[in-house]
Each structure stands twice: as structure tokens, then as C-alpha cells.
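Chains A and B, in that order, give the protein sequences. Numbered continuously in this note's numbering, the first sequence closes out at residue 354. Numbered continuously in this note's numbering, the second sequence closes out at residue 354.
Hints are not guaranteed to be accurate.
[Unchecked claim] Calculated pairs, DSSO-like style, for lysine-lysine (alpha carbon to alpha carbon, straight line, at most 27 Å):
| # | chain 1 | residue 1 | chain 2 | residue 2 |
| --- | --- | --- | --- | --- |
| 1 | A | K28 | B | K32 |
| 2 | A | K338 | B | K312 |
| 3 | A | K91 | A | K56 |
| 4 | A | K91 | B | K312 |
| 5 | B | K28 | A | K338 |
| 6 | B | K217 | A | K91 |
| 7 | B | K28 | B | K56 |
| 8 | B | K193 | B | K332 |
| 9 | B | K170 | B | K295 |
| 10 | A | K298 | A | K170 |
| 11 | B | K295 | B | K196 |
| 12 | B | K32 | A | K312 |
Source of the hints: derived by calculation from the structure; they are not laboratory data.
Number of protein chains: 2
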Amino acid sequence: MESITSASYAVHFNHNAYAILEQHLTEKNYSKLFILVDTNTRRDCLPVLMSRLQDKYDFEVIEIEPGEENKNISTCTHVWEALSNLDADRKSLLINLGGGVVTDLGGFVASTFKRGIAFINIPTTLLAMVDASVGGKTGVDLGPLKNQIGVINQPEMVLVISEYLETLEKRQLNSGFAEMLKHGLIQDAAYWKSLKLITDFVDLDQPIYDSVIIKNKVVLQDPTEQGLRKILNYGHTLGHAIESYFLESTEHETLLHGEAIAIGMILEAYLSLHLTNLSEEALEDITSTFFNRYKRVKFSPSDIQNILSLLKFDKKNSHGNINFVLLHTIGKPVIDIKIPENLYQQAFTYYNEL
Amino acid sequence: MESITSASYAVHFNHNAYAILEQHLTEKNYSKLFILVDTNTRRDCLPVLMSRLQDKYDFEVIEIEPGEENKNISTCTHVWEALSNLDADRKSLLINLGGGVVTDLGGFVASTFKRGIAFINIPTTLLAMVDASVGGKTGVDLGPLKNQIGVINQPEMVLVISEYLETLEKRQLNSGFAEMLKHGLIQDAAYWKSLKLITDFVDLDQPIYDSVIIKNKVVLQDPTEQGLRKILNYGHTLGHAIESYFLESTEHETLLHGEAIAIGMILEAYLSLHLTNLSEEALEDITSTFFNRYKRVKFSPSDIQNILSLLKFDKKNSHGNINFVLLHTIGKPVIDIKIPENLYQQAFTYYNEL
């Protein structure tokens, strides 16, 4: 597969990727090489990477605990201190080998260590491959608030290598698949249709490639999220609030990111029916696709209240207004829509009664 | 005084500054205004700022503890949480009113909150006015290691207003004066001579202006410190290590930044005599100037050993090499000089025997 050129770097795929990485390491002559992993990717992915590179390089490995609950400043401090203790300097390289927690947190740590060292992302989950691989967003959570602390900064390159998906559980793959479905909804009705035909996750190379192309096209046109890029937030405004709430709640099982935004996309499709003329058929299509594929939950009245109060902390909100991305048709989003207060409740009722 | 244009913003002086700030606040229509202060600047400077702005604006005030020992990630978390709790959003503004700790930390917090909000620096110490006002360096310390965590990012504007110096202790003014003397040493022998004539700190407007001009000239030619900008590190390679060591040490009283780099400049002038042909007369001139004006210390053999071991953590070191800026003459620096191991000890002996 051909490499995809993003802002200041490229995304390389599969068998090409290792060769390009080796060439880069030779050319750049970094003073020291670091790899950030979590417990899972250390076990499942690091041995693969090492063997593909024929153990030719000396890497210092830094490990963090897996999971969104560790995507915080305290974990950053652990990594900053590890880099410092292992004599990382300004000419060092950090390779982030893992899911979105590792690439988002590792990108932030690298961007802020000694005011910025080079980093390379090797996403190992489907979610990170199609979502975090382009766009340059780095960051961590602040308490229950997702991605509150971070910077926009670009990696040297991103390597998307599907063999890392082999050790992933079906539920994790399905979570990433939600972002791919979103790319269809906001940009490409034909892609949406083709994704709906996929029932197993055996060969995802082409759909992953297509998703990276879509996201990259959006990001390149609006790197700092002034306008167009907001469409990537479809399903995320409510989805983030739901994810945050379930992460903190003791009564509910935590939702994966894709599971939360799948619910967000149903709710926001319902809002689209009322506010941006989405057709009944399209709402039905979106609702059934997500409802059949993703974890279902029941929202109690107090759940709904708590989720709505988290909404106001969403970092995209300005002047206290909450701006939604809704759909006009499948493939045609509309940005900066305000929601009448009573519609929130209606949307949750619609979901609860499915 | 005319404003000085830096990278993407300007430094405004004294009576102009307030008018320009008011105009900016009107034009930009920020969603919310925040001011970061420490206990001292809340008491001494905030009332002055408020009265100059005729209490026309609603500011949310966020306070931190003063002092280098609080320039850390834990204080950042306090400020990030305060911003979050006070409903700061991406269109909010943070004004940093304080010395280098407030402007460096506040700049970092603003640059990383929701991936970056606007900030304005109003330095209130002489050190921050002449040093932190241009260059876009933001950051905090990691344990004893100074400025290990940070980003390069530019404020909307910097306001240098000398009335804030009125409440400053002589020792603090003297600390800032060391950076001004450094600007003379690395760029302008005539400025160095003129500064030596200053014995009180009553009217510093012109010398401050000259210092900002010198620093800005250097920074604009090399914003990311590839070459020329390194000259600003004169006295800082050893000075930072000394400052870090004294901050952690229980046996020594903490040194102010300017006091530590004053010692660093003497030591590095001694190294310059041996490595870059600085004349005996120039060494004598530099040594007597700093030795007479700044706090004197005695370095024990274990002090020296500890300081040298901190050196290797200096963030400017690459591939384990320690690069010094030395002087060829007063006004003419030389970058990227390596020091033979035995000369370190000689330099400290020279200082101890003054």
C-alpha cells in the first residue's frame, strides 16, 4: 500500500513500514532510542517489532499500565522521569507502540520532554490505527475529563501494521470499527455501505487504508480545528460525556471508546432527524447498524442528568455553548448546531426504547 | 518606548502597555479572562493592574504558591483543574502576572490546556522582564532538573511595565540584573560597560529595553535553538547545575537564579581563558564585577562532585556531550565547546580562592 502523506509526515503501511523505519533510524542517528509500551503491547507486540527489526537496535523500554484510567498526568510523570533517568536528551527518539492511550500519552510526553523530542507512533489497536494515526492530537485526561491536557504536534512518521491486530480481542476490534463507520457517515456513503457488509475482522487492510485517507483529507484541510475538522466529532459530543461518566461510575461497566461513540452516534442521528433534516430511513439505518453491533446500556434518569452535566466540560465548547456536528444525509455533516434543551431527554428516551 | 516585535507577537512597554492590552481585550472578545498570580503578586501587583484597567473587566484569579520549588507538574495540575472548574474553554485567555515561575508555568499550562489557549505575560520581576519576556520558552521543573518539561509557544503579547518592580527586594532586582550583564557579555561590550556603572536600581527603563532588544535579536535569528541562540546559555550550563544543587541541598541556602548564573559566568569565564583565548584582563573584569555584586559561596569537594553529576542532566546535552558557550572577548561568544575533565575542578578552585 502506498504511504499517505499527512501534515509534515507520512503514514506507512504493513511490509513497507519496517523498511522505512529502519532507513529513518539509520539516517537520523538518534542519540538514544526509547519504546513506550503498556503491559499488553510489551507482551504481544514488542517481540514482533524486535524480530522484524532483527534485534539490530538497542532500545530502552518504558512501560505503563494499560487502560484509559491511566491516561493521566501521573503516568506522564512516570514516563518523563524514566526518560530522564535513562539519560534521554533532545536528540533522542520515542517510539509509541500501543493503542490510543500509549500514542496520545507518549506523543504528549515526547512533545513536552525538554521542550520536545522526536516521536514515532506505531498504533496497535484498530481504533488507534484509524483515529489517532493522523491529526497530531496528543494528550491525557484530567480527572474524568478526556483529553483536557495536550498539544497539537506531529510525529516523525506513523506505521500502520495490521499484524499487530492479531492478538486483539473482538470487542477491541469492534470498538475501532465504530470510528471507521463514523468516517463513512461524515464523508462517504459508499464507504459506509461497504463497511456494513463486513461481519468478521479477518482482512481489514483496505478499509483501514480508506479510513486513514478520509481522516487525513479532513485534517489537512483544517489542522487546528477552525471549521471542517469539527465533523470528526460526530457522535463524540455525547459519546465523550457517556464514556467519561461510565469510567467514573461505580454502577456501570466501563465502555470502550467505540462503544460509547456508537451510542453517541445513535443519539446524534436522532437529533439530526429533528434539527438537520436527516431522513427517517437514514436514522433507522444508523440506529440499527450501531444497536446491533455494540454493547447496549440502559440509562436511568440520574445517568442522563450526570451525562448532561459532564457535557459542559467538553473542550470543544466555547462561551458556554455546546456545538454539535449533526448529519443532513449519510455522508453530509452540518457543524455548529445548538440543541434545544428538551431534545436531549427525547434522544435518550429514543435510545432506551429501542 | 516603542514596542518590540518578536516572533509572532510584540513586547509593549510601560504606559503604552495598558492601552494596548485594553484594545486587545476589546477586539478579541475572549469567552473568559483568567489571571494567574502567586501569593506575592496577588498582594503587590494585582491591585495595580486592576486599578490601571479601571476595574472594567471580570477576571477569575488563580493563585499559586511562590518560588522555584513550586514550579512543578503538581502546581500545573492545580491550575489546570482551576481552569476546568471555572469553565475555561478554548476561547479563554490566561494572563500570567508574576515572575519567571508564573510566566513559565502559566505559559505551559495555557499551551497545554485543551491543546492550547491564548495567554499574555506580564512579568513583574526584573529577571522575567529581561529574560522570560521573549523567546517563547514555557515549562516547569522535574524534581531537581530545571525546565525539563515544557513547550516552545508564543504569548499573544508581553507587557513590560517597570512600576511592578517597585515592590521588589534589592536581592531580587540584583538577580535579574545578572541576566542583563550576561546580555552585555554575549553581544555588546558597550552595554556591559554601561551596566557596570549602575549602582542603584532606580530607573532601569532604558537598560531593560536594551536587554529585550538584545535577547529578541538573538531569538528571532534562531527560534528553535539550533545554533546562535545557544549563546544565551552563557553562565547557565554550570549555573543551572549549581542552582539545582542548592535548591535540593539541606546544607546550603537556596540561590536565586541570577546569583547562581553569576557564579556560572565567573566559572565559565575561567574556562574561556583556557579554551577560547579570553584575555586575563577580561577574566578579571568579569570576575570582579560578579564577585562584588553577588552572594558568595564556598564549594566543598562533595558540593563540586554533586554539581558536576547534575551537569549531565542539563537538557542541552546531546549524545552525552556537554556543550558550553564560552567567550572569546567580551561581546563575542563561541558555542559548542567541550571541557577537559580536569578544568572543571580548576575552575571551582579559582572561584573558591577569590
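Right, here's what the structure says about each hint:
Distance check on the hinted pair: K28 of chain A and K32 of chain B sit about 44 Å apart at the alpha-carbon level, beyond 27 Å; violated. For the suggested pair K338 of chain A and K312 of chain B, the alpha carbons sit about 54 Å apart, so the restraint of at most 27 Å is broken. For a cut-off of 27 Å, the pair hint linking K91 of chain A to K56 of chain A stands: about 19 Å separates their Cα positions. Proposed proximity of K91 of chain A and K312 of chain B is supported: the alpha carbons are some 14 Å apart, at most 27 Å.
For the proposed pair K28 of chain B and K338 of chain A, the alpha carbon gap of about 23 Å is at most 27 Å, so the pair holds. The suggested pairing of K217 of chain B with K91 of chain A holds, with an alpha-carbon distance near 26 Å, which does not exceed 27 Å. Among the hinted pairs, K28 of chain B with K56 of chain B is consistent with the structure: their alpha-carbon atoms are about 15 Å apart, no more than 27 Å. A C-alpha spacing of about 14 Å is found between K193 of chain B and K332 of chain B, which places the hinted pair at or below 27 Å, so the restraint holds.
Among the hinted pairs, K170 of chain B with K295 of chain B is consistent with the structure: their alpha-carbon atoms are about 12 Å apart, no more than 27 Å. Between K298 of chain A and K170 of chain A the CA atoms are separated by roughly 23 Å; this keeps the pair inside 27 Å, and the hint holds. Between K295 of chain B and K196 of chain B the alpha-carbon distance is near 17 Å, which keeps this suggested pair within the 27 Å criterion. Taking the CA atoms of K32 of chain B and K312 of chain A, the gap is near 15 Å; set against the 27 Å cutoff, the hint holds.
Comparing the model with each numbered hint stated earlier shows that hints 1 and 2 do not hold.
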